[in-house]
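Participant: Could you use the hints to bring the two separately framed chains together as a complex?
Heads up: the protein sequence lines correspond to chains U and A, in order. The opening residue of the first sequence carries number 1 in this note's numbering; numbering runs sequentially from there. The opening residue of the second sequence carries number 1 in this note's numbering; numbering runs sequentially from there.
Derived by calculation from the structure, the hints in this document are not laboratory data. A quick note: this is a predicted structure, and the numbers were derived from the prediction, not measured. The reader is advised that the hints may include incorrect statements.
What the hints assert, rightly or not - A few chain A residues that don't get close to chain U, going by computed Cβ distances all over 10 Å:
#	residue
1	Met1
2	His24
3	Pro254
4	Pro376
5	Pro439
6	Pro452
As the list claims (entries may be wrong) - Short, incomplete list of chain A residues facing chain U, as computed with Cβ under 7 Å:
#	residue
7	Glu151
8	Arg152
9	Trp155
10	Gly161
11	Gly176
Every residue, glycine too, gets a C-beta built ideally from N, C-alpha and C.
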Amino acid sequence: MDPFRVLEALVLLTVLIGLLGLLLRRNLLLKVLAMDVMGTGVISLFVLIAARSGLRTPILSTDTPAAVGDGAWADPIPQAVILTGIVIGFSVQALLLVATTRLARLDPRLDTARLDRLTLGPDAPT
Amino acid sequence: MIAAAIAWLLVPFLAAFITALAPHQGRPLTLLTSAATVAMAAAISAGWVPESLPLLGPLGVVLQPDALAAPFLLVNGLVVAAVVLDGADPGGDPTGGPSPEPPKGRLPLLALVLLGALNSAVVAVDLISIYVALELVGVAVMLLLALGNDERDLWLALRYGLLSNTVMLLFLIGAGLVYLQQGTFALGAAPLAGGVPLALLVGALVSKGELFLAGLWLPRTNAQAPLAVSALLSGAVVSAGVAPLLRLAALTPPLVPVLQGLGVLCAGLGVVFALAETDLRRLLAWSTLSQMGLVVLWPATGALLALAHGLAKAALFLSARGVPSPDLRAWRQRPLAAATAVPLLLASGSIAGVPPLLGFAAKGALEKGALGPLEPWVALVGVGTVAVYARLWGAPVLGLGTPKEGEADPTAGMGSWSLGALLLAAALLLLNLCPWVRPAWDALANDGLGWPLLKTGATVAAGVGLERWLETRRRPWGLPSLEGLDDLLAALVLLAAALVLGLSR
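Okay, chain A solo, but in the shape it has when bound (with noise of 0.2 Å):
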């Protein structure tokens, strides 16, 4: 089994290595790869791998393909499957700017890469694992944002390089004193090693994750780099931080509260400036930085959360290449082609929390698991979250009876259905029937749905409304931009002292 396993993790990058020399193969061997990363999470919900595959006992290096791991391979494996069937962003993308297309292979090869990184990272519970896994997860997102070689890209690529290099830095320090306190390297061991070495893993995590401060360089990332790569971004790349911070919140109990502080304070900013934003991207990567504060809430009902945002959010970038401008002051009034249209109405309507959606259940979970003197500020979050997206619910939709096996639809001449965001839709439905999801629909079946239906109906009325009332206000209402490099190496720091002080009292 752990052969097996070992095999698994190697797939990715062994597939990278033949795309560098075949790049013609890419497409399928990643189509593929990612088949192989959702096949594992099904086996790992089926039962069918050990919990806990020990690879060197006593330094705590151990495989842990569990119920935690399992959603986020699964987004994992579908966020980089639809991205590259929806292959590189086209050349002079109206959304985007004036990128050039890459090289053929370059984008399945790098997606390779990043996919076997992601998936080491959310099985791996050894610090240094994690530390190689997260450095390579760096690397290859720094590589995809240079995609398109030109100085804006590149300058968007250092800048992401220089951060997660420096909060990777952090990381060994943390993972250096708990071995010098406890003698292993194992995740298990960090609880015990006291305040200095937990704040140093747990800030380079949230910043890995994107989380609050340290999720500020996202939106101008998402806003200049080409719509695969954000979807990426959004949909996968947050996971890997996200994973072991809940395997580490799970292991220490004093860790939650602080982490349920900085979740709070991270999705109210994130709704916030994405009320303010008068660009697509840039709502769309506040709204990632909201929902990835309400991931960590809870280590129990996270990774639900996770994979219903990662689906969802990469189902709307990919789909925001028909949108025909990214400016949201006039969209009502640009009509939306119905490839474009559907998509994007099921993954925001998803993220939204409107039932049957993933995203409602995912959300239910949330809301039954105990959230104490969090639950006022959560629903607040949630009626935000639905008027950011209310924003893009109005735009009238053209050749909505046209035949959705129709790909190149001529009538509508604004964009063709996009397979990649199709299967994430589809995703968001079809997966309410798989079992990690049925545990949080019973749940909620059992006190009755209404209630919970009915509470989805008053939020969602309410976030309209308040989207209505903004509507009438000028935008933009000119919040601070923090979005400068020393803005955000200032972020990181802070971020990182307050989480010392906060956790070694």
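Next up, chain U with everything else stripped away, as it sits in the complex (with noise of 0.2 Å):
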């Protein structure tokens, strides 16, 4: 069986345990590490879709000549663009979690469906 399908299907999984996660767990910090699972998940499928040309870093340096290793090279445009994607889910991961911290004077147990509740304003309907 091909490596790559295999390592893409668990790559897809880990994915889908995270999106799991995010449904069926209760508590507020669990949904967000859940979607952590998840970004993480996305995160290895770029590594993997960059490293179906080759596995060599690609950064070319001076002091070691590109003849050094003949393996192929790794494609660097996932890489690229995951890099910018690793940025803004660690931003968007802390913001939730500081929001979390906050929540947690609301409700310590952290409940989503309680939370929900507690926070209805008075101009809600009932």
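Facilitator: Next up, the structure:
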């Protein structure tokens, strides 16, 4: 079996596990962490796509001439793209966690259904 | 030209940096930046900007400031300008919660970041630029929602952030799969990549455009968020998802029927829930949902409809500040100040499709499009929309005789003229003269204006009649509430799964 397909299936399984955690967990912190699991899966997918053409890190340097090592280069484009994705994911994650710590004052158990009820405004429909 | 376009894209972010350092410059800088956005839209329609500006050819990194982008840019610029003109909600706002006034400069700062991100999302045609722009829109909206800094606002912000980031992860998977198959991130390669990547991309864009099940978070968020933020959300933020979606639909013929089905369902759902609603702000949010459904029906007319809807909805939210109470049950007993009623009536008339407002031309263009079997449904939605807004038309108006210059009108004492809402309402009238709207009017006039006018008259009469009949029924009707976080997540996943099944055939 093609190892690329196996790894791809595993990566997509990681995403699916994250998605299930996001759906099934009632605790807000666990939901946020499950979303991070999904994010990790997506990052691995891009790394995997980059590694399809080869495994050598695509960095040219004067110390090690290109002739050293005969492996094929990895595709730099998905790597560059996912670097942006990692930074964005990290900052959104940080922002969500800060909001979660503030919300822990409202409900220390961080139960999402309870938070939904507690934060209904006075003008909300009953 | 490329340098100028990139500079134009960067200006909002530069202005945001300056605002962070010198908060008092925020308002003038935002107005200038909005003016630059509107100027860009005008330049595009005048044909001064090439339709396509390649930055990095083989990877598909291209800017497309084309005819589809122009209406969206216009709505972004005008809505952000109007919101910043009116400023943040004053503390103790009677229609909202007791949100304290945010520190000076925060609203313009975030509005600038939002404007920059929206503009990028509208002109970008590669998946990664769209991804970055949409993520930035998400972060800016999250921070805007949290401006009030109490726990209720934070919860709304967190819900939005969680949902938005989840759908963007799905988008990224779609983008990765497209690259895997096609070796490029160009939007044009997405239709060739097969069903699953396309479904993931469409699902994310549909969610960002607040369509159907993915838009269910909107009513509660709009009911509790500051009105300025609601105006930005319903007016401008929806365009970020819809613009790339319309581009994608124009490139992918098989996608059009799927979006039409989704759009009609979404429009119907929004109208039914809006009719059952008893709160003004929730009614407006449900109506956003329904109008977005109409926007995606036909790629060619979507931009014009989004323009008309965005301007009108932002004007409605901004003028809702002067409304004594958002409760709709005793609406006809409570008089409105003229300063509130004029923009409110103009904007709601436009969404309901009353001539000569922009909404009439946009609806006319939509009905001209080849709707085929959808036509009766669209007509029904039109009647429902009139019925929704007819609920706002019955209130007596105070001080109609006061001159428009009287900005601090002492006689009413219930609200002064809102510059932002007036700007938007004026745009609804004046934009009829601009070059994107003229073809719509010309097409209507070619077959004689009598038939569309008669049709609109019948629609309005039917809508008002429907509203009068419903008025005798007891509201609320006990429609299910699907607005908890878990409901929203489940709705997103269902929608994505349905799209994967629908598009992978």
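Participant: Against each hint, give a clear statement of whether it holds in the structure.
Facilitator: Status of each hint after checking the structure:
1. With a least beta-carbon separation of about 26 Å from chain U, Met1 of chain A lies farther than 10 Å from that chain, consistent with its non-interface assignment.
2. At roughly 26 Å from the closest C-beta of chain U, the C-beta of His24 of chain A stays outside 10 Å, upholding its exclusion from the interface.
3. Every CB of chain U is more than 10 Å from the CB of Pro254 of chain A (nearest about 24 Å), matching its label as outside the interface.
4. At roughly 32 Å from the closest C-beta of chain U, the C-beta of Pro376 of chain A stays outside 10 Å, upholding its exclusion from the interface.
5. Chain U leaves Pro439 of chain A outside its interface by the beta-carbon criterion, the shortest separation being 39 Å against a cut-off of 10 Å.
6. Non-interface status of Pro452 of chain A relative to chain U is upheld: no Cβ of that chain comes within 10 Å, the nearest being about 38 Å off.
7. Checking Glu151 of chain A against chain U by beta carbon gives a least distance of about 5 Å; that is within 7 Å, so the hint holds.
8. At its closest, the beta carbon of Arg152 of chain A sits 5 Å from a beta carbon of chain U; the interface hint therefore holds under the 7 Å criterion.
9. The criterion of a C-beta within 7 Å of any C-beta in chain U is met by Trp155 of chain A, whose closest approach is roughly 4 Å, and the hint holds.
10. The restraint placing Gly161 of chain A at the interface with chain U holds, with a minimum CB-CB distance near 5 Å, inside the 7 Å limit.
11. Here the hint on Gly176 of chain A is kept, as its CB sits about 5 Å from the closest CB of chain U, short of 7 Å.
When the structure is compared with the earlier hints, no violation turns up for any of them.
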